[in-house]
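Taking the hints into account, I'd like the entire structure generated from these sequences.
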Amino acid sequence: MSTASREVVIVDGGGANIASLNLALQRLGYTGQLSSDPATIRAASHVILPGVGAARAAMERLQKAGLVNLIPELKQPVLGICLGLQLLFESSEEDDVTCLGVLPGRVRRFAPAPERPIPHMGWNQITRRRDSALLDGVPDDSYFYFVHSYAADVSDDTIATADYGRPFTAVAGRDNFYAAQFHPERSGPLGARILENFLDRC
Amino acid sequence: MVGDILELAARYRDEGADELVFYDITASPEGRSVDRRWIHRVAEVLDIPFCVAGGIRSIRDAEEVLNFGADKVSINTPALTEPALITELARRFGTQCVVVGIDSREEDGNWCVYQFTGDPDKTRAAGLRTEDWIIEAQRRGAGEIVLNCMNQDGVRRGYDLAQLKVMRVAATVPLIASGGAGTPEHFRDVFVQAGVDGALAASVFHSGAINIRTLKTYLRGEGIEVRP
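Protein sequence lines correspond, in order, to chains H and S.
Per our numbering, residue 1 is the first one in the first sequence, and the count goes up by one each step.
Per our numbering, residue 1001 is the first one in the second sequence, and the count goes up by one each step.
Hints listed in this document are in silico derivations from the structure and should not be mistaken for laboratory results.
Just so you know, even glycine gets a beta-carbon here, dropped at the ideal spot from N, CA and C.
Any given hint could turn out to be false.
[To be verified] Here's a subset of chain H near chain S, in silico, CB distances under 7 Å, partners left out: (1) Gly53; (2) Gln63; (3) Ala65; (4) Ala113; (5) Pro117; (6) Met121; (7) Val147.
[As the list claims (entries may be wrong)] Simulated coverage check for chain S against chain H, where a stretch passes if three residues somewhere in it have a Cβ under 8 Å from a Cβ of chain H: (8) 1051-1060; (9) 1074-1084; (10) 1119-1125; (11) 1134-1141; (12) 1195-1206.
[What the hints assert, rightly or not] In silico contact screen, one side only, chain H against chain S (beta carbon under 8 Å); selected entries: (13) Pro119; (14) Val138; (15) Tyr143.
Encoded structure:
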């Protein structure tokens, strides 16, 4: 597949650390363009919504950039990563904030327990619930790198689950929207495979 | 020198390391600013998380390191001299970015924090009990604790299980054991007995005494869950 046919735009939420994501795209032969400009995002072939940090601050930045209404209306493939996944849901318990509402449901905090430090940080296995082009070539029970304190419950939009005291949505998808709670850009060759699947098969 | 770092990074990546920590020893003692472009070179090569430690004293330092592609910053002495830095970093970048490194050593039956450990002439007690410092660092926004047990460091006689067990109870964020790894059994013991979330080692990997892939196969055989 020619890379020229891909205009990958990474939504600039300001503050999010996207250097590693861009480098992961580069290793696949793509260049992600960082932008918060509505016209640029609308014109992209693929949109990635990254996110590190707190939900309210991220939503405020999207609001300020005029993207809160635009993102749910996008028709091209959209991939939310980590906080980007959580923002696709209706709301988050973190700062009790209203999110983009592409996917029904509320994102909830993990309950702390002695044997389960918060944040959930490290490699964990995912279990496929249904097939998706995003997971083509990814074996069941593969490990991915997670860093988060909040998670979305398992729902009809869940493609794969992971477990940390409770089962949660590790990979989600609905229509042209896809999302991963883990960091594919930091999850070794299988993470790269997911990014490649998103760009080539979704 | 950057070439050596890149080669090591690629080697550990291919051996199946779960995370890499780079201690920028050139950065720390004198407070001089350093050229951090090597971080970007490393980030280009790595597809696993990596953390940079050493010489990070401000939001600006951390921002530079993260913009070059690191996933986390680890602060040690600056967190002790200016604890508010932990909070500021956590607010700006999220707690998951903020690792607090702690050098700890037993003294009169207590575990105590040491600072300025980058320079043997300046190393001194920080006047804090390790347990108290872990709790305070977490309260201030540390998302991970790397506990370097100085009694064990460099001697390869095993991790400081007694200390790590105590600190495991204090640490509600991920706790990474550091100092003392010499054999695969040491890694098994620290996971099974101290319940840590990760085990960090340097010399046994650098020297080739232990291969990471072989180690992980061994740990899996011992019933410890590790990524293949």
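Consistency of the hints with the structure:
1. Gly53: holds (4 Å)
2. Gln63: Hint violated; glutamine 63(H) Cβ to chain S Cβ min 19 Å, cut 7 Å.
3. Ala65: violated (19 Å)
4. Ala113: violated (9 Å)
5. Pro117: Holds, because the Cβ-Cβ distance from proline 117(H) to chain S comes to roughly 5 Å (cut-off 7 Å).
6. Met121: holds (5 Å)
7. Val147: Holds. Min distance 4 Å.
8. 1051-1060: Coverage by chain H is violated for the segment 1051-1060 of chain S (0 residues, Cβ < 8 Å).
9. 1074-1084: The restraint on the segment 1074-1084 of chain S is violated, since only 0 of its residues have a Cβ under 8 Å from chain H and three are required.
10. 1119-1125: violated (count 0)
11. 1134-1141: It is violated: at least three residues are needed, and the segment 1134-1141 of chain S offers just 0 whose Cβ sits closer than 8 Å to chain H.
12. 1195-1206: Our answer is that it holds, as 3 residues pass the Cβ test (under 8 Å) against chain H, meeting three.
13. Pro119: With a closest approach of 5 Å, the proline 119(H) hint holds.
14. Val138: violated (13 Å)
15. Tyr143: holds (4 Å)
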